[in-house]
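Participant: One letter stands for each residue in the lines below.
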Amino acid sequence: MAVHTSGQSVAKAAEPGRARGRRRDTAGAPGKLRRALSTHWYAWTMVAPVVIVIGVIIGYPLVRGVYLSLTNADERNVERSIGVNHLPATYEFVGLDNYADALTGSQFLDTLGWTLVWTVSCVAVTFGLGLTLANILNRRIAGRSFYRMMLILPWAVPGFVSVFAWRFLYNEDNGLLNKLLAGGGIDAVPWLNDPTWAKFSVIAVNVWLGVPFMMVALLGGLQSIPGELYEAAEMDGANAWQRFRNITMPGLRSVSTTVVLLSTIWTFNMFPVIFLLTRGGPGEATQILVTQAYKFSFEISPRDFAQSSTWGVLILVLLMVFAAVYQRVLRKQGETW
Amino acid sequence: MRRGIAATALVASLALTATACGGDDAESGKSASGKLSGTVTWWDTSTVGSEDKVFKKLAEGFTKLHPDVKINYVNVPFGEAQNKFKNAAQSGSGAPDVIRSEVAWTPEFADLGYLAPLDDTSALKEDKDFLPQAAASTKYNDKTYAVPQVIDSMGIFYNKKIFQEAGVQPPSSIAELKTVSKKIKDKTGKTGLYLRGDDAYWFLSFLYGEGGNLVDAEKKQITVDNPAGVKAMKVVKDLVDSGAAKTDATDGWNNMQTAFKEGKVAMMINGPWAVTDTYGGKEFKDKANLGIVPVPAGSDGQGAPQGGHNLAVYAGSKNLEASYAFVEYMTSVESQTTVAKELSLLPTRTSVYDKPTVSGNEMVAFFKPVVDKAVERPWIPEGGSLFAPLVTEYTKVLTGQTTPEKGAEATGDAYRKLLKDWK
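Respectively, the protein sequence lines represent chains Y and H.
When we follow the UniProt record's numbering, the leftmost residue of the first sequence carries the number 1, and every step to the right adds one.
When we follow the UniProt record's numbering, the leftmost residue of the second sequence carries the number 1, and every step to the right adds one.
Bear in mind the hints are in silico, worked out from the structure with no lab data behind them.
We put the CB at the ideal spot given by N, CA and C, even for glycine.
Below, simulated PhoX-like cross-link-like pairs (lysine-lysine); rule was C-alpha separation at most 20 Å, straight line: (1) H:160 x H:182; (2) H:318 x H:35; (3) H:264 x Y:179; (4) H:190 x Y:179; (5) H:35 x H:70; (6) H:355 x H:341.
Covered stretches of chain H (chain Y as the covering partner; in silico rule of three or more C-beta atoms under 8 Å from a C-beta of chain Y): (7) 85-98; (8) 101-115; (9) 243-251; (10) 258-266; (11) 398-412.
My request is simple: use the sequences and hints to build the entire structure.
Facilitator: Structure follows, in structure tokens:
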């Protein structure tokens, strides 16, 4: 999450300088660049540290990842220094072979299919629940702040702690969930051992983790809708559903488009939930693209760096395409962000 | 009192080794004083809470011999050690000086250039004393890269009390296993066998039992998907489907140990490394309640995999001489005797088996003949890589996501990608 926020703010910060620079360039004469630099030296200096840091921590790995995806690099042929021995790199450039393999084989497409199901269902359920809870908590009910606190709690607990707690709850023999069900006379559910139940389980945990963020964001959105609108609508005889449909939803639009976009990107790459809960299992049933890319790079041997980077680049491309399409759709509806 | 005597004996024998070491050092003309110094970091992978205490104490005993050497004992969980070591070794920082390397990892690490060759170093003294099958995994490209620490194999652990209640005898074949499980279920309501579904190592006994194997290293052939391999997949699937065995796709080790220690299942397949942990369970407060018999035979006979651990030295260690000496110490007759006595783990030196404390140990006495007959695994660099594709398909078969035929086929395909020129 931290990475996304910082990336965002940096992108914003870098925007003015870059846009201006480009405009000057296209204007033509080479002398103008110098003039631009002399006029805006202050802006450039301010932006420089950020640009350099971003270049080092995001740019370099990105370029390196793209490069590796065009080679056949694996654990055996990359450069290594072991004590006094230094083994030079011996991998070769293979062009787009890795991409062809990924896109024509069934593994990438199967994993992509489940990743999409996972993302869409997580975001839809999280948004629905978050919206409901936000609406409930926006009313004047007794103990409102207590409920708000309780509902934000999952967000405050470190992700891996929650996931491990859930793993105990899901345990087929000794887990609390099955003990409760047994009390009700229901047979033990193989939460993490059956492919379908495992899919259900990982989605449930992710929803549990994601609802607080949705709720807080939407609650903020709800509070920014002026109360007079509701009063006026009530005067005109609009019922609850009509008020929700015509005041709440449009009023929330700018908040909800942002949170849906963010949570789609986060869920698409939600590594810890899947990895810590099921490790992508049983079999490969809950493996999403990022956990599979990790597996190529760290779990199989010899580690396949080339294939892992290929998947990484494809993930990046998919998300960029999604963001572009999403923005275009919103722009058509008159939203800008 | 007895412990006191043992400790004295240990110190005395260590002192003897110490003088021997000192002499060698002087000959090789290392430092003027011939004394080893520095820090040796050792990554141990033994079970936390039972085995690790003994190993830690043993490792720290090294300083009695070489007072200037500090031993930095680190226990790395077995499941993470391979990856952690590879990360550290590749980047060239953070790797330990000595690692307890599982037998299949050893040729892989050696192939990647991470291990120091041990031939003609102080680590490999009296190498003729080692069991040949234990020494096999330490050799790669005609060099020796590790020293065998313990050797093991698998058998059926069973709960004698439950067996008595159900009035059954330990099974010796898969067919018997099924009838025994059924009787246990009928009489006591408990499940017969716990079968790990998240680790392919537990599948090997069934595969060997049907006459199959992962690969045939001599003929450079992939055999996991031949008819025997498919049949083995069918056998395990049938055990689970028929209710004779229960399984888990996640957390298998913990679930298995808990279920067995609490008497919820009557049998499990396991190795000597689980003995000490099992004795910690409430069902086995009375150690006599734990029975062990060989793994059930398949249609082609009985077969359990040969496993174990070696001690290997990281090629980039800053303190090679001290590391060699540490490996020698940890695999010495005295150390192996202590480990066998206290943890029921099997020594890798033939001479250790002659000691009465070792040969008198019930678990060692049981496992030694099993180890002698155990199926040796292919000691190729890819040996450790063979498990990842297999476990994926094996779990898929057990959870009904694929058929035994397709599971075996997919595993074979993955192996062909891994072992390029093989058939």
